[in-house]
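Colleague: Sequence:
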Amino acid sequence: MTDGHHRIAILGAGAVGGMLGVLLSRAGHAVTLLTTDRTSTAVNLHGLTLHSARYGDLRAQVPARPWLTAPVDILFVAVKAPDLLGALARVPPALVHGAVVVPLLNGVDHVPLMRAVFTHAAVIPMTVAVEATRLEPGVIEHVSVFADYAISAGHRDVEIDPGTVLQQAGLDVDASAPDEPTLLWRKLTFLAPLALLTTGAQAALGPAREDRPEVLDALAAEATSAATACNARIDPAVVVQRLTSLPGSMRSSMLKDSLTGAVLELDAIAGPILRNAPDRAPVTRSVAGEIARSAAARWPISS
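Following this note's numbering, the numbering of the sequence shown begins with 197 at its first residue and continues without gaps.
Worth flagging that the hints you see were computed from the coordinates, not collected in a lab.
Just so we're clear, the structure is a prediction, and the values are computed from it rather than from any experiment.
For glycine and all other residues, C-beta sits at the position ideal for the given N, C-alpha and C.
Keep in mind that the hints are not guaranteed to be accurate.
Claimed, not checked - Simulated DEER-style distance windows between Cβ atoms:
id, residue 1, residue 2, range
1, Asp375, Arg438, 18 to 28 Å
2, Pro267, Ser445, 40 to 50 Å
3, Pro432, Asn240, 45 to 55 Å
4, Thr232, Ala433, 39 to 49 Å
I would like the entire structure built from these sequences, with the hints used as guidance.
Modeller: What follows is the structure, given as structure tokens:
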């Protein structure tokens, strides 16, 4: 396409993928959603709907299909980590030859995997922080005003800059991370203590934080220790300040998944810390173990 408009595929139509689909389509891009048969049918019948505290109520007619059938310029990957391997089967690598592939997953280990799969594409990881929920297939609720994306400063040599594409669609993009490890660990050192503390307590951040403040501090310290071991530049004081300033009503996506019996992103979020912290992250290990045992007991089939 021309005039700054691109052929874009979005792998995954959950809260992040669905919201992106609406905003990028309304910005003039040719967007295709890649998702399950059930969700594809719902989107093709009824379109995508976004209820947003920031953008208002928006609708977009976005074609959806179970797998990619034509070349694209950009592929955004917006599935959760446990679903990644299965979802990649929806994208023939030949159809993203020369394209920009943008994984938006939590964690760090997905990036080398994506580069091994899409050897002839530019894989440029980004992170996203947005409080949104998929109410039903094709219907997304964005419950707060923030929609924050981040990209590392080193990715300005590609023909299509995904950060610019998102900014032009009305999203906030931070390019202050100096490198990929810092970009990915900056998100993970914030997310892991939040997700593990709230899911372990089965409570929103405020009650969980008040009940076990020493656990929150230890989780943050172990996450930043693992980040440092992976050559990321993370200030532990900034991590703690962010976690203590969050509203007490905040619930992590892992907590929400736990309450509904969904598969948890436990390895994507806790795994990098357990594998890289010099002291083997004893508090992270203990809390993650509690969560895994609880999930196995409450939801034995899905766990």
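Colleague: Run every hint past the structure and note whether it holds.
Modeller: Structure-based check of all given hints:
Our hint of 18 to 28 Å for Asp375 and Arg438 holds, since their Cβ atoms are close to 20 Å apart. For the hinted restraint 40 to 50 Å between Pro267 and Ser445, the CB-CB distance of approximately 44 Å keeps it satisfied. Evaluation of the 45 to 55 Å hint for Pro432 and Asn240 yields a pass: the beta carbon distance comes to about 48 Å. For the pair Thr232 and Ala433, the supplied restraint of 39 to 49 Å holds, since their beta-carbon distance comes to about 43 Å.
Of the hints listed earlier, there is not a single one the structure fails to meet.
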